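A.B. asks: Each chain, letter by letter, is given below.
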Amino acid sequence: MGSEAPLLEVRDLTIALPAGRGGWTRIVEGVSFSIGAGEILGLVGESGSGKSMTALALMGLIDAPGARITGSARYRGQELIGLDRRRMRALRGAEIAMIFQDPMTAMTPVHTIGWQIDEQIRAHRRLSRAGARARTVQLLSEMGVPDPERAAGRYPHQLSGGLRQRAMIAMALSCDPSLLIADEPTTALDVTVQAQILDLLRRLRRDHGSAVLLITHDMGVVAETCDRTMVLYAGTVAERGPTAALFARPAHPYTAGLLDSIPPLRGARPARLPQIAGAPPNPAERPDGCPFQPRCAFGHDACGVRPALVACGAPGDGQAVACVLPSEGRPLPARLA
Amino acid sequence: MTGAAEAPLLEARDLSKHYRVGRQVLRAVDGVSLAVRAGETLGLVGESGCGKSTLGRCLLRLAEPSGGTVAFEGTDITRMSERALRRMRPRMQMVFQDSYAALNPRRRIGDLVAEPLRVHPGPDGRRGRDGIAARLAELVRLVGLPETALQRYPHEFSGGQRQRINIARALALSPALVVADEPVSALDVSIQAQIVNLFMDLQARLGLTYVFIAHDLSVVRQIATRVAVMYLGAVVELGGADAVLHAPAHPYTAALISAVPEPVVGAASRRTLLTGDVPSPIAPPPGCRFHTRCPVVQARCRTEPPVLRDVGGGQQAACHFPLG
Ligand SMILES: Nc1ncnc2c1ncn2[C@@H]1O[C@H](COP(=O)(O)OP(=O)(O)OP(=O)(O)O)[C@@H](O)[C@H]1O
Ligand SMILES: Nc1ncnc2c1ncn2[C@@H]1O[C@H](COP(=O)(O)OP(=O)(O)O)[C@@H](O)[C@H]1O
Ligand SMILES: [Mg+2]
Ligand SMILES: [Mg+2]
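Chains as they are written, first to last, in this note's numbering: chain A, 212 to 548; chain B, 96 to 419.
No lab work stands behind these hints: they were computed from the structure. Values in this document were obtained by computation on a predicted structure and should not be read as measured data. Keep in mind that a hint or two might mislead.
Derived DEER-like restraints, expressed as beta-carbon distance ranges [as the list claims (entries may be wrong)]:
hint, chain 1, residue 1, chain 2, residue 2, range
1, B, Arg213, A, Gly233, 42 to 50 angstroms
2, B, Gly169, A, Ser258, 39 to 47 angstroms
3, A, Ala275, B, Asp296, 52 to 60 angstroms
Negatives, chain B to chain A, calculated, CB over 10 angstroms [as the list claims (entries may be wrong)]:
hint, residue
4, Glu106
5, His113
6, Gly134
7, Arg152
8, Leu157
9, Leu268
10, Gly408
Chain B regions said to be covered by chain A (calculated; three or more residues, Cβ under 8 angstroms) [stated by the list, open to error]:
hint, region
11, 287–296
12, 309–318
13, 368–380
Backbone N, C-alpha and C fix where the C-beta goes; we use that ideal spot for every residue, glycine too.
Put together the whole structure using the sequences plus the hints.
C.D. replies: Following this line, the structure appears as structure tokens:
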């Protein structure tokens, strides 16, 4: 990976929405990250932190009226921000695919899932109907759909949530994308089905070399699926780095707080769960300084200025944090695993 | 403990709820027996559609059971008249997952929380205006909200705060039992921890008894003293929370636990993946209802339904071949 140019390089992505009286509300602010070929990057954060908006901006799918998107997102060197619709559409489906929490947003109820996947394949490849169907059935089978021929003949509402999710992934993968953006693909599913879908995403990377941007709010999903992780808080990057490093030595009090507030499944049961006080600010009411300061146990004067993302942790492993503590020489203690 | 103290606060026997779906029958709850002791928290877990909410509603007779009985403080509430049931209502309350749907958006928090107080006169007759105001102030403080919250409307609050309001409302009449149906499932983890802590604090202060429905096993482990695991309308395992979650006897419980993504890097490797989806409750499999997905299925499981029986350690499991 090291010296090669990343597959996707995002710099200073900012998304602002008109807030009346000529003002703007910044929903996502100065987000930068990269994804290497075949890498799984986790994007975590609480509801409203800007995960979906970030993904939609990359895909040219933000439909909020008057939205202003600035910064850069280069996919294999090609700029995605401001790319004209026609070229974006060609890229979408062929090179970059997206899956959603609700499969029905990607499918229509009036056609069978087989028909929909056939069409997707034929839009990008010269194949006969029969040829496309053969590929559809093969894809469904790879996704672990039992009796794929029959499943292809069914309508979305005739399938269970897990099967619909698999069908949507099959559709997204029909053109062998190099980058899959998955926005909470398992949030609505039971853990047993979630485990199957996450297994599928890992296989996808192994067998097809696809890179995945996996959006989730579940630290457990990140821990078991992602090579690197980026934590968003109130539209900004709080911390990012290799997943193992981030979990062992979270450098941002927010990352540490998130990890601590998850009740453990094993080991000693805490009398009380460590909790983060308060709630994230609305986009229009974010403080000028560190957006986490109002909830942070370590807040002090220096936090009145928006902290820059600085390298932390082991040299060269790419962990970085938007917090003044490490540069003040008092990093957070490592977590006991 | 004396004998009287050990009598359960709530006891369900062979409880079932069947829905007619076209010409077929959907067995949402199918022969559930369980007891909840005063002061404990029974966690109810299982995949979506397994009947947790339906069971929760039947336990409070918010849904009319198709069969079986529910005894609350020793009285069978399934046969009770509407009138007698109404007198019982203040003692048993419910909290739901969707904090917003449960609150009328056009009414102030004060009115919403006061509503149960106005509908049900207190034990010493009707509360006056001052009595209600004092109780409202007490309730919002109890759930960790400022008194100014009483003048505001539901949309002015975050999901976690709205759930606090719902809890205040459920506690207005000082119930003995609260059935909470996925009360933290829609909340972000940092907020979820606040609400789980609140439930536990309130239990310690008020001696409440909970039936806590959740699909998140780690949340249930945190709050529950005992756990019931449901699959396709039936309880397949029942026992102390630590016993069930650390040494599951039913292969389904074991699979459910192993599917939980733990926030520990490298934990996924010890996983036994279940294949396929839950079968339809309209046509549950014959024999053991889990046999179509069971990793250790044997011939007998395909024909003979196992009953819930003691497997040692105070645990019960409905399995012919419980895990050792
Ligand atoms: N069309 C829109 N108009 C105005 N605000 C919007 C719009 N879409 C999103 N937002 C706001 O942008 C912020 C980020 O939203 P986004 O959907 O990206 O969050 P998220 O991290 O994906 O959250 P979730 O976990 O709930 O999916 C939120 O405050 C949201 O209310
Ligand atoms: N009013 C109803 N009519 C018909 N079927 C219902 C009704 N309510 C629930 N069900 C069905 O009963 C089963 C159990 O549902 P539920 O109790 O909501 O499960 P859970 O809460 O565990 O997700 C499901 O198959 C569901 O579709
Ligand atoms: Mg989202
Ligand atoms: Mg339910």
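A.B. asks: For a quick check of understanding: which of the numbered hints are violated here, in increasing order?
C.D. replies: 3
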